[in-house]
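**Student:** The listed protein sequences derive, respectively, from chains A and B.
Note that our numbering has the first sequence beginning at 1, numbered continuously upward.
Note that our numbering has the second sequence beginning at 342, numbered continuously upward.
It should be emphasised that the hints constitute simulated quantities derived from the structure, not laboratory data.
Hints are not guaranteed to be accurate.
[Unchecked claim] Here are a few chain B residues that sit away from chain A, every Cβ distance over 12 Å (derived from the structure):
{"#": "1", "residue": "A346"}
{"#": "2", "residue": "P376"}
{"#": "3", "residue": "A521"}
{"#": "4", "residue": "P553"}
[Claimed, not checked] Example chain B residues on the side facing chain A (calculated, C-beta under 10 Å, incomplete):
{"#": "5", "residue": "R395"}
{"#": "6", "residue": "S419"}
{"#": "7", "residue": "I427"}
{"#": "8", "residue": "I429"}
{"#": "9", "residue": "V430"}
{"#": "10", "residue": "T435"}
{"#": "11", "residue": "T441"}
{"#": "12", "residue": "P452"}
{"#": "13", "residue": "F456"}
{"#": "14", "residue": "Y484"}
{"#": "15", "residue": "A486"}
{"#": "16", "residue": "T487"}
{"#": "17", "residue": "A501"}
Cβ coordinates follow ideal geometry from the N, Cα and C atoms, glycine included.
Now for the letters of each chain:
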Amino acid sequence: MKATSHRSAITLIALSLLVVVLLPLNLVYGSIDIPFSEVLNALIGEPVSKHTWKTIVVETRLPMALTAALAGAALAVAGLLLQTTFDNPLAGPSILGVSTGSSLGVAVVMLAMGGVVSEALTSYFSILLGAIAGAAVVMLILLFFSSIVKSTAMLLIIGIMVGYLTSSAISLLNFFSTQEGVHSFVIWGMGNFTGVTLDRLPLFSILILVSLGLSFMLVKPLNALLLGARYAENLGVSIKATRNKLLLLSGILTAVVTAFCGPIGFLGLVVPHIARLALRSSNHTVLLPATALAGAVIALLCNLISVLPSSVIPINAITPIIGVPIIIYVIINRKKILYFN
Amino acid sequence: MSHQAMLSTNDLAVGYRNGKRISTVLEHINVSLYPGELVCLLGANGIGKSTLLRTISGVQSPLNGEITIAGRNIESYSSKELSKLIGIVYTDRTLAGALTVEELVSLGRQPYTGFFGRLDDDDRRVVTEAIENVGMSHKTHDYVATLSDGERQKAMIARALAQETPIIILDEPTAFLDVASRIETMQLLRNLAQSQQKAVLLSTHDVGLSLPLTDRLWLVTANSTMIEGSTSQLITDGSLQSLFPDRNITFDTSVMDYRPIHNA
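Given these sequences and hints, build the entire structure.
**Tutor:** In structure tokens:
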């Protein structure tokens, strides 16, 4: 306990420090590098040597960095909730078709608008609602099957199948829609953290922070679920209600991020592993905050890499480069990794 | 026995209800479990031992009849109340490898802790005692993943002890263990029943090992009738023969275990 709690404290502090370091780096670097002192001036409202720098820092990079941090935390926590719910460390919002469900919802809305994504708040709201509705449909399908199929591994495969079905629905929609519609959907589908402008940041932040806060309230049943559903039930946990809450929360977290940033792959699957490996613990009391922080760190890192070259690389081109080696490492070493045994 | 039963059944029928189809696994079960005793549930594979254990631990509804726990019908308890009455030990593999023994045993306090599951001094004392009682104090801070199968089983028993329930039910607690761990586990359960006045019920296939340590037996015979009695009585009246009538084995009272009929 002493050694573990030391390790937990050190990990949480290190991850927080990384967030603190990466946030300003995301403000300094980009298509134009702006000196840190000027970034600071722009943030606190002091005069900045070039007027455009102030606009870039405050209106583009600040919302982008905060969006990346929040989206990373949200997807990572959604992944952790799903992994514990399905008793399977290889579950994640993109694997279970939840992200794809959101994408389908967004596709329907975008293509219905003919690809004209206006800056009006209403069009943002309809995309958000589309994403939530899409995720909800996939979640309902998973919930329905979870009452029939008891095995979580089988349920995982059903989730993957639902994901394929949803993808094919998206392809069909694209096939029948206008070129402009397809174009804007494809751009959105590459994933980026620039979709949240400064005036939409409060809405995005509130939705994410409230959902994250609600997941922290489920630490106790999450820990009981580490023993499997049967033990958790014996400890007085209502399995059905808890499972529904966990699926709902992970669905909302995924849908909100997907609506604003596009379907960001891999973060939800990978980050909980990074957090568990760093902590050497699956106790959710520390694992949940560590996962949220690590999600923010990885997303900020991906965002930094994506803006370093002269033009922006899509986020989804970077996340697998970080994610795939970690997942393969975890699978190969699963006999030696504590939380698989 | 003169004292009141901790758990008893009255014309209980167990099985599965699937829409309108009812498949009864065992019926007309009238058995009791008393504080301070170790009872073994014996019977052939697939005869319904696990179904019975699940039903009397409240996980599954009875098809008919009733189960009384601590003087009240089992259905009158909330799942929270039930979690303070019955502790269960399964043989399920868990994903708890990255928890320490202490963290694992602490989960047994969940029925008593508040919203966030924080332990107070009293909870910590119960956890420490539970780990002591199964002889695992030296492994308190070790990860569950690093334990042997026998140690893991002891940790799971400690978790049930930390739950402070008057009844502990174990589904084949000695399966997958080597012979030393089997004997240690059975002796541990026997000592816990006596020293802490727990009512301990377990299903097992280790007949030879469990008989000398068991106060009473619940036998499920081959024709699915339930026989309850003291271990010595059921050995002498030949009831143990009725478990496997069609198989080529017999219960040998001289070695207190089953053996092949045609002994070479």
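**Student:** Each hint: holds or not?
**Tutor:** Right, here's what the structure says about each hint:
B/A346, annotated as away from the interface, keeps every beta carbon of chain A farther than 12 Å; the closest lies near 21 Å. No Cβ of chain A approaches the Cβ of B/P376 within 12 Å, the least distance being about 20 Å, so the stated non-interface status holds. Distance to chain A confirms B/A521 as a non-interface residue, since its nearest Cβ pair spans about 22 Å, more than 12 Å. Even its closest Cβ contact with chain A, about 29 Å, leaves B/P553 beyond 12 Å, as expected for a residue assigned away from the interface.
Hint on B/R395 holds. Least Cβ distance to chain A is approximately 9 Å, under the 10 Å limit. The closest approach between the C-beta of B/S419 and any C-beta of chain A is roughly 8 Å, which is under the 10 Å cut-off, so the hint is satisfied. A hinted interface residue such as B/I427 counts as satisfied when its beta carbon comes closer than 10 Å to some beta carbon of chain A; here the least separation is about 7 Å, so the hint holds. Contact between B/I429 and chain A, as hinted, is supported at the beta carbon level, the nearest pair being about 4 Å apart and thus within 10 Å.
Hint on B/V430 holds. Least Cβ distance to chain A is approximately 9 Å, under the 10 Å limit. For B/T435, the interface hint holds, the least distance from its beta-carbon to any beta-carbon of chain A being 5 Å, beneath 10 Å. Evaluation of the B/T441 hint against chain A yields a held restraint, the C-beta minimum of about 6 Å falling below 10 Å. Because the beta carbon of B/P452 sits about 5 Å from the nearest beta carbon in chain A, less than 10 Å, this interface hint is met.
Interface restraint check for B/F456: the shortest CB-CB distance to chain A comes to about 7 Å, inside 10 Å, so the restraint holds. With its C-beta approaching chain A no nearer than about 5 Å, B/Y484 sits inside the 10 Å limit, and its interface hint holds. With 10 Å as the threshold, the beta carbon of B/A486 comes within range of chain A, its nearest partner Cβ sitting at about 4 Å, so the hint holds. Residue-level restraint check for B/T487 holds (minimum Cβ-Cβ distance to chain A is 8 Å; threshold 10 Å).
For B/A501, the shortest C-beta to C-beta distance to chain A is roughly 9 Å, which falls under 10 Å, so the interface hint holds.
When each numbered hint is compared with the structure, no violation occurs for any of them.
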